[in-house]
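Top line first, the protein sequences correspond to chains A and L. Per the numbering used here, residue 1 is the first one in the first sequence, and the count goes up by one each step. Per the numbering used here, residue 1 is the first one in the second sequence, and the count goes up by one each step.
Keep in mind the hints are simulated off the structure, nothing from the lab. Take these hints with a grain of salt, some might be off.
Stated by the list, open to error - Some chain A residues well away from chain L (every beta-carbon gap over 10 Å; in silico):
#, residue
1, 129
2, 160
3, 206
4, 311
5, 424
6, 651
7, 654
What the hints assert, rightly or not - What follows is a list of derived Cβ distance ranges for each label pair:
#, chain 1, residue 1, chain 2, residue 2, range
8, A, 183, L, 154, 17 to 25 Å
9, L, 92, A, 681, 30 to 38 Å
10, A, 663, L, 61, 37 to 45 Å
11, A, 681, L, 183, 25 to 33 Å
12, A, 537, L, 205, 42 to 50 Å
13, A, 181, L, 93, 50 to 58 Å
14, L, 57, A, 226, 43 to 51 Å
15, A, 222, L, 60, 34 to 42 Å
16, L, 98, A, 646, 51 to 59 Å
What the hints assert, rightly or not - A few chain L residues that don't get close to chain A, going by computed Cβ distances all over 10 Å:
#, residue
17, 9
18, 12
19, 37
20, 61
21, 132
22, 212
23, 216
24, 238
Since we're looking at a predicted model, the values are computed, not measured. C-beta atoms are modelled at their ideal positions from N, C-alpha and C, and glycine is treated no differently.
Here is how the chains run, residue by residue.
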Amino acid sequence: MDLLSNKWIVYLALCLFVAGINCNSVENKIYVKLNYTVPCVRLLNSTHQIGCQSSLSGDVGVLHVLESEENLDFVLRNGRNPPYMVIMESSLFTRSVMMKLKNGSSRVAGVAVVEPTSNPPDGFSPHTRCPNENTGVYSENYGPGLAHCNTTKWNPLGNGLSYEEFDFPIFSMKDDNDTQLIRQCYMDHNRPMNGSDPQYPLCAMQLSSHMSAVTSTPTCMRRNSISFSMSNDMVCDPLSDQNIWAPSKPLNTTQNGHKANESVIIVSARLDSRSFFSEIGPGAESAASGLITLLAAAHALRNATQDAQLDRTIFYTFFHGETFDYIGSSKMVYDMEKNQFPIDLDNVHSVLEIGQVGLHSSSNLWLHTDPVSMRNSSIQEEVKNLIANLKSAAAGLNVSVTEPGVTQPLPPSSFQRFLRARPFPGVVIEDYNSSFSNKYFQSMFDNADSLNVLYPPNLTPEEQLNHVTNTAKSLAEVATTVARALFIQAGGEKTQISSIKADELMVSRMLYSFLISSNNSWTQEIVGLKDVVHLNNNTVNFYISVEQQASLPTILVKYLLANLTGTAVNVTQENCKNQKESEDDKESKHLYNYFWVPGAAPPNSTERDGFCVRSTVHWSRAISPAFLMENYTTSEYSTWTESRWKEIKGRIFLVASHDLEMLTLGVGIGVLLSSLLLTYIMSSKADILFSSGREPTSATY
Amino acid sequence: MTAAVFFGCTFIAFGPAVSLFLFTIAREPLRVIFLIAGAFFWLVSLLMASLVWFISVQISNKESVSQQKGLLIFGVVLSVLLQETFRFAYYKLLKKANEGLLALSQEETMPISIRQLAYVSGLGFGFMSGAFSVVNILADSVGPGTVGIHGDSQHYFLSSAFMTMAIILLHMFWGIIFFDGCEKQRWLAVAAVVASHLLVSCLTFQNPQYVSSLVPTYVVMFFMGVWAFYTAGGSLRNLKLCLTCKDKDFLLANHRPR
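Next comes chain L alone, as it looks inside the complex (with noise of 0.2 Å):
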């Protein structure tokens, strides 16, 4: 019976990722190797991240409630400082191999530009995180129990699945301002980045206030989304011709060969 909160809360959380996975980047073989490259880097970010964690946590004092609580602080902000300075050397890395691919391609242009690429490698952190912070919560929402008996809101499976959501599109939406930032050098975006993510990363130490934790979440995801949306070329304006639907533009669009 609970397989149905598992698929529920599978769908909820990689939905919207899958979606975007499936209609704008599975169809090109390029795109597909950026991502899993994207959450490679990632991976590798979390990796360093545990192994300081590990070794902090040895050298702590176990007893000390107060000490341990700092630690998973310090835990969560050098995660998030090595997640945004992979973000960072992906970005340069990503520089040097868009050079390459352009001498090795016959066209003119790049292959790829870099706004496709922060889209890309943005999703790519974000599949990695979100099944990181839900895997393991999933696999116990099969059952046959729930959260609950020491007191705990028997909401928190739907929660985290909603909180993974966020996270995976938060990850996108700061990959195209991150890369954004980087290309036209206006650090103040990426400052902003690193401290939207910071701060989402310690609202999380609202749980299990969860309402308090998810409504902020949402609130910076919607802001973030908005700034990604003029980031990558989208305007209140395109977005009005778009649902209207009455855009010259959009029938030549279609009618434009690719």
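Next up, chain A with everything else stripped away, as it sits in the complex (with noise of 0.2 Å):
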């Protein structure tokens, strides 16, 4: 008896839990919810705001499919029934359709952009002219005449779409049944049938992503400091994230400053990229071919640098956020010239940066250096032999290494703000000469077919794992060079170079699990089992968000990082977790990260085998010092925030007409008015109408 009747409860609880979660019938009548939405967010820096939002409750427009510019003029001026949301195919989305959509805004309840199958042959990038222009090394006081791109723009095809500021929402929409729908509906209810205006019901569309913040990077920290509820009312919070780095060799990590006798080279990628849409973020050759290049080369390089004592340590770097005014490296730097580091500035030999390096269709590498440094003849000297060294590491290989024969700056790149704090000798390694030979930086479209990471048809996902494509050989060509040129610079002999080779199955799977899917066979087996939920089918948005999200690049390379340069120990799990190698065992935690990994799975077996991993991978924390300083209005540092938001959602419906509204409404006055009326009439002579002959009845009404 009590079983059943506790079986009851559970049931009655079920069943107003279903009715609690199911969406009311005459909702689900009116609405149909997109779900696939990714909206265009609001960043802030010391004096701007970019992005996009809606109003509160989330913008209405009737829908307009926009088929080519020329169209405009309906949206903007002939449209009877403004203000109206447009979609556009990706072709549309450029800077002077933009533009004009912008400054037509009163009419524009928003822009929801599908995303092509391929990529635009022309190239588009949404980035400016001349990235991180004010945050690099050049200024009036450092090669004035280098100062703001003067010499060369880096991107020639940003048109600035990403730093423009929308106040209406724009969203990326993916060309699936959610866009069918919404064709459909335009084509059934919008359409203009033989020049007269279409008719009530027309189709609409609500976009809702509204931001908090407002203004500025100052004005939204002072607004998170004053709390007007109980409830912490925060509306942006800084992009931040972290930095990886390991040694080539163990360093004691937990004594911060200078180290004595420690000569470093540092070798660094970036972690980070962005698009116009906050969460698509491929930087397939924007972040992912630097990256992969160096993990490659970290790879190549772990025996020798085991076997062979080096002068010098190789310094394994990621840098986060350098899309956002360098934010990764700045930090870094400033907490070695803070001592906050486990070296400092002065341990530093020198600085070599793998930039994009994904070879678009030729095989030369261009190494850039910084002019303005090398006027001092010590830095010329040591960057000569930097560029000798690659260049003796490239030889008999498939890669070419040149110079850029003018004198121009450095590209954007984290050295420069090694540079900014004193001069340093270093080379940049990028693809391309004098402008970005990637035709879709830091857009939606910097993807795997940019790369051309492409595998042949009727392939499972497990065979293209282990595809080896052209693009994996051609970064495994720039692994090995790295690697033997590092090797030489570390100090290493000339004649064991031959031995260091980067694996080209370790750079296919790499590309594979940044630029197609996370989730795979291969990531399974090495990322530790606490971050395994993060992975995912999809292509790693590199885009670095607020600190309170893990983000999924930085999880990726750091056990990336840890697997390709560190070494399986026979350690316990609990050990493991706990940091050191036995029981009694202090030391190691001072040198050593430790990692449990699942393992594989042994073939008739589906519980996995799982290891510990000793590697000398660390990590800081990659914000921008202004932050720290609680200095919003630098110009010297990164103030990038992002806004919070509430609710990110689209959906469509039908809109009555004016016509029947007020119809509505009139007929309701009209109930109403009569109503009373008639009510007053007949309470008034209830006496008479109710008095059923001469029964005295109602005397007491």
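Since each chain comes alone in its own frame, lean on the hints to assemble the complex.
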């Protein structure tokens, strides 16, 4: 009996729960919710706000499918039912169209861009023509002739859309069922029929992406500190994540500041990218090509650096947030200057940066150097030495390394932040001479296709993972070059470099993991259990985002670097988690990091053989020093923050004509007034009306 | 803009009920109390019906369309029968309460007649059932969208409002007829109320052919209204007198002290 009644209670609770989560059916009759909605969000720096936003309840407009740029006249002038929600193919998502919409924004409720299945052949970059113009090393005080991309525009295709502010929401949509439904709805209801205006009801769409922060970072950070209620009303968060670094030999990382007799070569790549839409940041060439090359080089150097006693330590570094005015590198330099990092700037011997090295149909790498610091003869000598090492490393490989013939500044690179501190010898490796060969710099098209990572048809995901593409081969060549050059630079014997070779299969797998699907059999083996949940079947999003969210590129690079440079040690899972090799080991945690990884499953078992990986991989916070100093108006450091938002959603529905609405209201008022009148008359004459003959029954009334 | 639809529908659905409340009930506290008690009784009947409904949905086969359709019809019939049962229970309670009230009051006569009680409690039932049938629709009528993306008629809100108005008025009429039937032991009248309630509820299965549900409902409402008018003591003669305003009684009535 008791059991039975319990069962009923469970049933009842279940019923109420089911009823609670089901949308009510009236709403389902009216609205179709869009499943895939990727908004453009608002970002703020010390002076500006960029991005998009809707009103608090979402912007509503009548759907209009934009077919050509001439068709804009309908939206901006001729259409009878403004505001319009403009649906466009990405081929129309250009600066001229968007600027016209922005200027006529009283008639524009929002924009939805349909992602194409193939990339635009002419290139598209929503970034500026001179990325990170004001936070690099070049300024009026440092190479004034080179500042502001005076000599060369690095990103000539850049249209700057990502840095515009729009006061209507802009969403990205996949070409899927939702988009089909939208087109169908437009065709059925909104298309003008033989010149006449379409009849009501019209198909409309609502896009909600209300952003809490306004004006600029100083304003929103001030508002963060004011608490209006008990709940924490944050309006914006600094863009931040983690820098990942690993020295080639263990360093005591718990003691900060200068390390005596230590000379390190920093070899770095950037860990982030972005696009116009916050959740799409494929960054295949702008981020992935460089960091995969660096990972492969680190892997190639694993044995060589362990066997040979090198004079210098190689410091593999991945800077996060470089897209947003060098967040990661400026933080590391700041830490080194303040003695809050295991090494300081005096320990840095030289810097080698791997930029965009996708090698589009060429095999030429360009070695960019800084002409200003090379006026110093000792620096010049070191740079020449480094270039010579790179050239000798490239000998015998399928890549050629060349220096730009003319005097030009460094391309946008983390190395510039080191140069801001003091002159260092350093080289930035890129696959272009005077402007990006990447046609899709920091756009949503900077994907596997643009990097030419293409697989033969009919391959299973498992076969794709292990398929060595031409891109993988060329990246492996670049990685070999870098690894060999680093080996010589670190003091290794030139005779030994032939044994250093990057693994093409590893490069292929990394390309697959970053560009196609981060959830595959290989990453499941090497990513620690607590982070496995972050893996997904999509392209990795390289947008840095805010600190609260675990970012997938960081997690992947962390584990990849640990597995590729570290060694498996025979340590129990418990000790591994506590960062020690045995029960009474207290020293190792200062030198190493231990990851327990799931490992592969033996052929006839589903139970994975987990093991402990010991590596020198470390990470430190990548947040702009501006937020540590609480100086939000600085022009020296990045001040980018991301606004918070409550809800991102889109839905389509029909809107009734104004006439029908007014008719409803009129009928309502008519019914109300006439019933008031009628009741008044009836109640005042109730005595007569309800006096049934001579019976005095209603006397009490 | 769609606030217009919201107010329009609200006025249509509740306009008659609100004006009745204002002119005939709000002035007398006792009637307000009985109205709210009536509304409460209707609510309790709904609670019972929804309990049964939840349980039966859980134990039914959710895949089978015919079973779900049958369940819906069962739910409607059960709900109607429960409502009428509670109307009867409320009638019994009022009889008892009236005796108590008579004992308390210093006057000889009852402070409120059973006929008035019938009207007040019927309106109470109507208010609550009207509110429950239209409030979620009104909430969505605020917009920004209107019904129709799946091909439904865009007159959904308007017809729902008119249906609700009819239901509220019908409850009032049913209350008058039902109480009178109980009072005079005319069980046929009671049966007619239950039958017409069932009929009107089942007519909503005709939706979304709103015309074929609304028109019969209004026909039923008209006949029920006439019946209730006669039950409450009205007659064609009275109506004529009232409209022509030539009756001596009328003048007399206006001068009669209350």
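Open item on the list: Please check whether the beta-carbon of residue 206 of chain A is more than 10 Å away from every beta-carbon in chain L.
Closed with: violated (6 Å)
Task: Least C-beta distance between residue 311 of chain A and chain L, which was stated to exceed 10 Å - done: It holds; residue 311 of chain A is separated from chain L by about 70 Å at its closest Cβ, greater than 10 Å.
TODO: Evaluate the given range 42 to 50 Å for the C-beta pair formed by residue 537 of chain A and residue 205 of chain L.
DONE: holds (45 Å)
Open item on the list: Taking 34 to 42 Å as the stated bounds, is the beta-carbon spacing between residue 222 of chain A and residue 60 of chain L within them?
Closed with: Because 58 Å falls outside the window, the suggested range is violated.
Task: Range agreement (Cβ of residue 681 of chain A with Cβ of residue 92 of chain L, hint 30 to 38 Å) - done: Since residue 92 of chain L and residue 681 of chain A have Cβ atoms about 34 Å apart, the given range 30 to 38 Å holds.
TODO: Report holds if the minimum CB distance from residue 129 of chain A to chain L is greater than 10 Å, and violated otherwise.
DONE: The claim stands: residue 129 of chain A keeps its Cβ more than 10 Å from every Cβ of chain L (closest is about 40 Å).
TODO: Check the non-interface label on residue 238 of chain L: least C-beta distance to chain A beyond 10 Å or not.
DONE: Given a closest Cβ separation of 5 Å, the condition is violated.
Task: 10 Å Cβ clearance of residue 160 of chain A from chain L - done: holds (33 Å)
- [ ] Just tell me: holds or violated, for the beta carbon distance of residue 681 of chain A and residue 183 of chain L against 25 to 33 Å?
- [x] For residue 681 of chain A and residue 183 of chain L the Cβ distance comes to about 28 Å; the hint holds.
Task: Consistency of beta-carbon spacing, residue 226 of chain A to residue 57 of chain L, with hint 43 to 51 Å - done: holds (50 Å)
- [ ] Hey, is residue 37 of chain L genuinely clear of chain A, shortest beta carbon separation above 10 Å?
- [x] Holds: least Cβ distance 20 Å, greater than 10 Å.
TODO: Beyond 10 Å from every chain L Cβ: check whether that's true for residue 651 of chain A.
DONE: Its Cβ does come within 10 Å of chain L, the nearest being 8 Å, so this is violated.
Violated hints, in rising order: 3, 6, 7, 15, 17, 18, 24; the structure is consistent with all others.
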